[in-house]
Every structure is written in C-alpha cells, then in structure tokens.
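Construct the entire structure; sequences and hints are all you get.
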Amino acid sequence: MTEFQIHIKEKAYTSTNSKTRLTIADFDLSIAENEFVCLVGPSGCGKTTLLNIIAELDPHYQGHISLHRKKKETANIGYVFQNPRLLPWRTVRQNIELALQPPVDHSLIDELLSAMQLTEQQHDYPAQLSLGMSRRVAIIRAFAINPEVLLMDEPFVSLDAPTARQVRQLLITIWRKRPHSVLFVTHDLREAIALADRLIFLSSSPMSIVSDIPVTLNRESRDNETEIESFRQFILKQYPEIQSLL
Amino acid sequence: MSIRFFNQYPQIPALLSLILLLAIWHGLAIYLHSNTLPTPWTVAGVLYQAVISGELLFHLGVTLLRLLASFSIAMLLGFAIGILLGNNRQLDVFFDHWLLIFLNVPALVTIILCYVWFGLTELAAILAVVINKVPNVIVTIREGARALDKDLAEMAAVYRFGKQKTLRHIIWPQLHPFVMAATRSGLALIWKIILVVELLGRSNGMGYQLHIFFQLFDVASILAYTIAFVALIQLLEGLILKPLDKHAQRWRR
Chain A
1 MTEFQIHIKE KAYTSTNSKT RLTIADFDLS IAENEFVCLV GPSGCGKTTL LNIIAELDPH
61 YQGHISLHRK KKETANIGYV FQNPRLLPWR TVRQNIELAL QPPVDHSLID ELLSAMQLTE
121 QQHDYPAQLS LGMSRRVAII RAFAINPEVL LMDEPFVSLD APTARQVRQL LITIWRKRPH
181 SVLFVTHDLR EAIALADRLI FLSSSPMSIV SDIPVTLNRE SRDNETEIES FRQFILKQYP
241 EIQSLL
Chain B
1001 MSIRFFNQYP QIPALLSLIL LLAIWHGLAI YLHSNTLPTP WTVAGVLYQA VISGELLFHL
1061 GVTLLRLLAS FSIAMLLGFA IGILLGNNRQ LDVFFDHWLL IFLNVPALVT IILCYVWFGL
1121 TELAAILAVV INKVPNVIVT IREGARALDK DLAEMAAVYR FGKQKTLRHI IWPQLHPFVM
1181 AATRSGLALI WKIILVVELL GRSNGMGYQL HIFFQLFDVA SILAYTIAFV ALIQLLEGLI
1241 LKPLDKHAQR WRR
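So the sequence lines, in the order shown, correspond to chains A and B. Under this note's numbering, the first residue of the first sequence is numbered 1, with each subsequent residue one higher. Under this note's numbering, the first residue of the second sequence is numbered 1001, with each subsequent residue one higher.
Zero decoy hints are in this set.
Heads up, simulated DSS-like pairs for lysine-lysine below, C-alpha to C-alpha not over 30 Å straight-line:
#, chain 1, residue 1, chain 2, residue 2
1, A, K19, B, K1150
2, B, K1165, B, K1150
3, A, K9, A, K19
4, B, K1246, B, K1163
5, A, K9, B, K1150
6, B, K1246, B, K1165
Since the hints were derived computationally from the structure, they do not count as laboratory data.
What follows is the structure, encoded as structure tokens:
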C-alpha cells in the first residue's frame, strides 16, 4: 500500500525583527493511498506552512517527506491554494493546460470541466468568473495533473454556505471518480466531517497533533446536515481535548 | 446634436475640436496680421512645399532613425538593469544613489558633456539620448519587477512551469504594463531631447532644421515641421502602441 509519510522534526520561523519561533515540532503523519485527511486547527497554527513544506515551496526545515518510502522528488503534487491563484491574462482552459506537462490530455480537461460545471466558461478570463467558479477552476487544475497527493488549503473559505456546499459536493464527486490521497486544511469542523476519512486536530505554536479521529460516517449520509451535526456532537463529547482548538 | 449621436460617431467631437483650434488660430493670425504668426493656409502651403521637395521627409527620417536607435538601446539596457535591481535588494540599495544622480542631471548637461568628450559625432548624439532615458526606464521596470506576484510564482513552482513557461506566462504579462509605460514616457522624452541634441551638434534632422528656421525667423516653416512631427507621433501611437496595448489588455474587464 502506498504511504505518504511526513516527518518534520523542526521548523522555525524567523520574523523580520529576527526573533526565532518554533512553528512545527515533532510532527509525524502518514497517509494511506487514496485517503482523505482533514487537518483541523486554529488559524495561524502553521497549517499553510506545513503544506508549503510538503509542496517543496519551503526547504528550510528539518525532517523528511517521502512517498512509497522513497524520497519525495518523484511525487506529483497538486496544490489548491487558499486563493485561486489563476493567471488573469489566460482563459480558464489555458490556466488548466499550462499546469500540465506535455502531452496534454484534452479529454481529461473536458471531463473535469463538465464535472465541475464549467464547460461553458472554459474560454472566459478569470475576471469574468465568480469566486466560487474560480475556486472550481483551481480544483480542476490540481486534479488535471493526476496528482499522487493533493494539498488543499482552506479552498472554500469566504464562499457563502450554499456555494461552499455545492463546490464541496462537486469535489467529492470527482475525487471518488479519480481517487488519490488528499490533505485538506480547514478550521470548519462540519466541513471536515463532510469530506474526510480521518480528522487530524492540531494545536498551535509549535504545531503538533492533538488527536487523530476516523470519520465513521458513511459517505452517502454526509449530504444530510443533521447526520453531520450529530457526528460533530459525538466527537466533541468523545474527545474533549479538541474543544479548545475550534 | 444629442449625446447618442456623438457616441455613434466618436470621431466627430475630435474633428470639431480640431476645426475650432484651426479657426482660433486663423482668426488670431488675421487679427494680428504679423509675420510671426502666419495663417493655417500659409503653413499648409509651406508644409506641402517641404514635402514635395523631399527636404522635410529627409530630416524627419534622420531624426526618426536616431530615435529608433537610441530608444531601442535605452529600453534594452533599462529593462535588463531594472529587472536586476528589482530582484536584488543589495544591488538596488547600492545603485539607488547613482540612479538618483542620473535622474536629476539636466538633459542639456549630458548632451554638452557627450559632445565635449566624444566630439560632434553620431555616437555622441545617440549616447546623450540614451544616458538621459535609461534611468527612467530602470525606475519604471524596477517597480514592475518589485511588484511581481509571489503567489503566482509559487503556483508556477508547484506546477513545474519551468523557466520558459514562467517567463512567458507569469513574468511577462505582469511586466507588460510597466514596459508600455516606459515606452510611452520614453518616446515623449526622447522626442524632446533628440531635437536639442540635433540643434547643438548635428548638421541634419529636425532639430537642425528648426535651428536654421529660428535664425531666419521663418515661423511658417517651424510650424509646418511641428505639424509633421506631431502627426508622426500620433501615427506611431495609433498604429503601433495602441494595438499592442489592446491585445495585451484583452483579459481586463
């Protein structure tokens, strides 16, 4: 079984007034193949830093990250950032195509566009899209590279509740069709329950794992708000230590 | 005439305002009845003669060539240095003072020094224009390089854009408005400087001609050359810069 392993011994952050602060310490996490893991924790606890380390954007840390027990160099990583980060001067379709290495699989792009209900907007520029649409384009871009690991950093933040729910459902639909390991950062417990196989609760400064909770709710019943709410009440009672993190 | 009519034919107000300007000029010339302000008709006649004789086109062409040479050198040099300074803080801090000095040296001083040091040559003329223009290009491009979006750069790194793709799809579109700004302000500046350069040390070109007309008090010829000059700039703007801009800005709402 493919395992994605993250081991960060130490990550320090030096601020502009040259004070050094430990952001992450002794962080160990392994993710099974095609597992959907949600990281839940207070804002500013270092979740984005963690994702940036995994995505190789930040090389200044001690530890190692490996896939298939090999060094991570070979891993294909998709990253959905907190803001969509589309190129405003390229159309929706060009934005997706540019992220791909040749040869470009046009049928996959077509399939993802139609799954995310964006076929009609594929030749529009990002400025013509709503925020919800832009976020969907960012998700397509990440899926289109056929990643071994998909990183998502609060991709639904600042969407209104119905839009967020709709995009969430679309995300789960395409993920179930093309599964891969997902590391999804959020501070919204309901959202995490709706999406994840496993919830990882994080404390802040330095960031470390407080609880590791499997989501036993089956996927079919997760469209139901009351089911999610009752599961939320259940884990809050079962794991009182997470209450301070929400 | 309603507003809607103007919206339908946007050229009409421009044409009307131009006609009004000509009318004022004409009225003033008739009223003053002086050699120092000829009527538009006189100037048009002089312009026609200058074009027919080929004199105007020759001098305009010479000036245009000088403009092209000095403009291209200044843009290339300024672009390279601007990118370097925008991306390297130490270099930027170190050379910032140089930049400030060169920005504030009067154009006339550079021109005189270039002629003194390098003689009354073509090289000195072009060098003088380049030295005047380069600091402005550097400052503009440096702003652009500083303003490059880190978020997009990270996105490009994650999705393995590579050097060429990053340059073409991430960096260049962000720099484009700054390059256009440098081009526009650059052309405007160079036009003005180049005439002084020609007036002081060349024996052809618009600046030289204007100098001769000044000595002869030939205001009609001065005005005729000015009109040809302005028309040429408008042509450059309308035929080259505007279409380039429009194409590059098509994604804006």
